[in-house]
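Chains A and B are the protein sequences, given in the same order.
The opening residue of the first sequence carries number 1 in the working numbering; numbering runs sequentially from there.
The opening residue of the second sequence carries number 340 in the working numbering; numbering runs sequentially from there.
These aren't lab readings, by the way, just hints derived from the structure by calculation.
Hints are not guaranteed to be accurate.
[To be verified] With a straight-line cut-off of 25 Å between C-alpha atoms, the simulated SDA-like cross-links for lysine to any residue are:
hint: 1; chain 1: B; residue 1: Lys709; chain 2: B; residue 2: Val404
hint: 2; chain 1: B; residue 1: Lys734; chain 2: A; residue 2: Val95
hint: 3; chain 1: B; residue 1: Lys734; chain 2: A; residue 2: Gly74
hint: 4; chain 1: B; residue 1: Lys734; chain 2: A; residue 2: Gln291
hint: 5; chain 1: B; residue 1: Lys709; chain 2: B; residue 2: Leu363
hint: 6; chain 1: B; residue 1: Lys734; chain 2: A; residue 2: Thr259
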Amino acid sequence: MPTMTMIEAIRDAHAIMMARDPTVVVFGQDVGYFGGVFRCTKGLQQAFGRNRCFDAPISETGIVGAAVGMAAYGLRPCVEIQFADYMYPAYDQIVSEAARLRYRSAGDFTAPLVIRMPTGGGIYGGQTHSQSPEALFTHVCGLKTIVPSTPYDAKGLLIAAIEDDDPVIFLEPKRLYNGPFDGHHDRPIVPWSQHDASEVPEGHYRLPIGHAAVRREGRALTVLAYGTMVHVATAAAREHNIDAEIIDLRTLVPLDLETITASVAKTGCCLVVHEATRTSGFGAELAALVQEHCFFHLETPVLRVTGWDTPYPHAQEWDYFPGPDRVAKAMTRLLETPR
Amino acid sequence: MSETRPLALHVPEPEARPDRAPALACFVAPPAGTVPRPAIDCRAEDIRPLAYDLIRVLDDEGDAVGPWAGSWTDDALRTGLRHMMTVAAYDQRLQLAQRQGKTSFYMQARGEEAIATAVQRAVRPDDMHFPTYRQQGLLIAAGYSLVDMICQNLSNSRDPLKGRQLPVMYSARAHGFFSVSGNLGTQFVQAVGWAMASAIMGDTRIAIAWIGDGSTAESDFHAAMVFASTYRAPVILNIVNNQWAISTFQGMARGDAATFAARGHGFGIPALRVDGNDYLAVHAVTAWAAERARRNLGPTLIEHVTYRAAAHSTSDDPAAYRARDEASQWPLGDPIVRLKQHLIRKGWWSEDRHVQAAAEIEAEVLAAQKEAESYGTLRTGPRALGRDLFADVYKDMPQHLLRQRQEAGL
């Protein structure tokens, strides 16, 4: 089986869907001739023509607004917002239009579109190339929100997203594009080819939206994570020899509550990890759900390890990033909580 | 050395407010029939003056004059008049129904009836409109069921939108009418996207975008213009300039420097300005733009100059912010009266027939209202189902919504 980086897996998902379905169109800033600043759409224009993959003006409002109109026509647009940090001008089109079109028209019109955007920090991108705005999407009814953590998942979930009949936000952790980054920024980069999940089948396959994956089984505590933090939490557990069960949510909405509750019922202890800022972050929703559904199994408080409630800084990037040491410290604190 | 004085901010104000007589003198209606009709394949820069002129066909006597007059059958013109009269009668009934508490809200199109009804007749039934909340004339001229329209307004058990949308926010895909949004301007760029899709698929259908003068200040307008121009999208871009955005006069969205149509110039989009109270002129200009779009010549921007004769909505009282008689003194007149005058002058209509037609239309609207009310109103009788609150958020209801629906007992 070939190994792929996450970039190659995403590109492959595009190519497969464009070949299978003439209604799939791909556009965004720099995605046409050049193939995107992260190269996720490289070669698509050459393979499928300028009518199927093209550059867009620098207008996120226009990219998403036009995609909503195309979807209403009957196409399946898959558009790229160059950085998640740039999506705010499109927020009205996402929240008031794409997300609500099916509901407000009672199914007369729908918006089957995918909005891809690189998310997260760790590339010295400063406050405008590092944000993790997933909670701004999970708060919106009508959207599905996906955050893959491996090339295998990225391909299978992107194909599922393009085939889905509802609008999907597809957040790509940019620090995972080229390798399974575990938060040790001072160590050499590990390429995807050394990771099992870089084995990506050729051709079409689909992963179900709304299913979490148990990445590491354990009995001492449950870690709920997604995207880059799955690898960070795994490194923390391994390095500190902690018997943690690590759950990769993969989809935030709809959420796989069953996998979460089954794990917390087993461990009685839950740590939520995300890179986004803490207050009103998706971790707050996870903590609330865990206490609602698992209260009598819990032996410790639910803790969160997150980005600080500050803008994403440039020089202090690694003070901001919730790396393996912070995650391990929280794990230890939970395990040392008197029961 | 230049003199330096403190800077002063310019905040535009309309000529008249309620304490003053209408001051519409600043708006001069030019004579009908004087603006040339350019070749279909003209370039934007060839017709720059048309963004400042005003294309008019009906003159003060009711004659159709000039190169945009076209040729009409008596049937087609009477149909146009009937559509406008139906919009006016429908608005009156629904306005009253709101005052009677049968629904929460309503928005009339009084004074603007010619625009939507004429545009609808100048394009094809399978083209797609992306309307605002004041284009009920599109549905009426497309032959959409009055009963269904009223049921939508009453949010009753037969509301096609299952009670979820504000009154007047219709959706009727089969009649080429995109779901109306309350977030202003969003549909303008969506229409361009729909048109791009039609071009990508090698279709022959075009899109028609609609926006009000005030909402052209939204970024969606700018995005739509860029996309329409860049991809030469087969779309007609309509700006309905009815002078007022609730209490904000049109000068607040553009200043005094240019017309709304002139915004097309910066994008290389051919731009026309038309008398929006002239059914024939609106139809002719739209047919011209539609042919351009269908011939793959790209977008056309049209500013329809009109006047919002009624309140913005049932929640609004224009007496609080504009001069009392401004509507009646509007220099472009009443679109229904003007077409009626033209038909009479042609010998195709009479005052008696007009009175008779008005009575017939009123009876038709009333019958539709009665039937609609038999399916309930917002406050009495059968209503939209509470259970429908949870459907259609997604195609398939996810677990968390199933749980919430159970929690709600629906």
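Verification of the supplied hints:
The suggested pairing of Lys709(B) with Val404(B) is violated, with an alpha-carbon distance near 43 Å, which exceeds 25 Å. For the suggested pair Lys734(B) and Val95(A), the alpha carbons sit about 17 Å apart, so the restraint of at most 25 Å is met. Only pairs whose Cα atoms come within 25 Å are accepted, and Lys734(B) paired with Gly74(A) is accepted, the gap being roughly 15 Å. For the given pair, Lys734(B) sits about 29 Å from Gln291(A) by alpha-carbon distance, which is inconsistent with the 25 Å threshold.
For the hint pairing Lys709(B) with Leu363(B), the CA-to-CA distance comes to about 41 Å; that exceeds 25 Å, so the pair is violated. Proximity of Lys734(B) to Thr259(A) is assessed by CA-CA distance (about 23 Å); at most 25 Å being required, the pair is judged to hold.
Taken one by one, the earlier hints fail for this structure at numbers 1, 4 and 5, listed in ascending order.
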